[in-house]
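Asker: In order, the protein sequences belong to chains A and B. The first sequence runs 4 to 116 under this note's numbering. The second sequence runs 328 to 438 under this note's numbering.
You may find that some hints are simply not true.
Claimed, not checked - In silico DSSO-like links for lysine-lysine, alpha-carbon gap of 30 Å or less:
#: 1; chain 1: A; residue 1: K17; chain 2: B; residue 2: K369
#: 2; chain 1: B; residue 1: K369; chain 2: B; residue 2: K437
#: 3; chain 1: B; residue 1: K369; chain 2: A; residue 2: K81
Derived from the structure by calculation, the hints contain no laboratory data.
Spelled out from the first residue to the last, the chains are:
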Amino acid sequence: GAGVSQSPRYKVAKRGQDVALRCDPISGHVSLFWYQQALGQGPEFLTYFQNEAQLDKSGLPSDRFFAERPEGSVSTLKIQRTQQEDSAVYLCASSEGAAQPQHFGDGTRLSIL
Amino acid sequence: EDQVTQSPEALRLQEGESSSLNCSYTVSGLRGLFWYRQDPGKGPEFLFTLYSAGEEKEKERLKATLTKKESFLHITAPKPEDSATYLCAGRQMDSNYQLIWGAGTKLIIKP
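Bound-form chain A, shown alone:
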């Protein structure tokens, strides 16, 4: 069956531009997570959705980061006025329930010039 799909796979943007990253979770998965992963490190939690409700956004680094999941399926992570320190791989994961194993997409590699 289809796994978690993320697009684009690579994104290059100039400092100050806005970017939007998309995540298509596994069909029927209630829980959706966004992570940021730096090279050589484990994923860092950004935000968590249960259906369309954003229950935790404590990991978002600044108010330039915004995530939504309006219909409880596809999610978008938006970064406004990008900075060089935003360069990283952004991973999306979904699970049947909050406590169930998370299944990851292959990520979007974001490079800010």
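With chain A's structure known, arrange chain B on it following the hints.
Answerer: The following block gives chain B in isolation, referenced to the frame of chain A:
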């Protein structure tokens, strides 16, 4: 502070040479220890969940074990295709979804 530490950072083995990867944790009231495999340019792939000390799970050449302070991922007679970064993560007692991640062990199996 809750923390997950993996060792070694990198491990090079010859094909067929068995070894173990370590994941030590200081996560209060651990409610699950997760192992994932990550290939370059890919997202983490779920391998195992362990919930209580003494529990063991196996999949092909991999076996994960859990004690009260650490988890081990034993790899028996590895093949080059087992080369990857192995990540572990612990879930805290007061959260049913937040994971504390280690930095991973990069495993290289030479033919």
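Asker: If a hint holds in the structure, say so; if it does not, say that too.
Answerer: So, going through the hints one by one against the coordinates:
A threshold of 30 Å between alpha carbons decides the hint, and for K17 of chain A with K369 of chain B the separation of about 25 Å falls inside it, so the pair holds. Taken as a hint, the K369 of chain B and K437 of chain B pair is honoured in the structure, with Cα atoms around 21 Å apart against an allowance of 30 Å. Among the hinted pairs, K369 of chain B with K81 of chain A is consistent with the structure: their alpha-carbon atoms are about 21 Å apart, no more than 30 Å.
Violation of the numbered hints given earlier is absent; every hint is satisfied by the structure.
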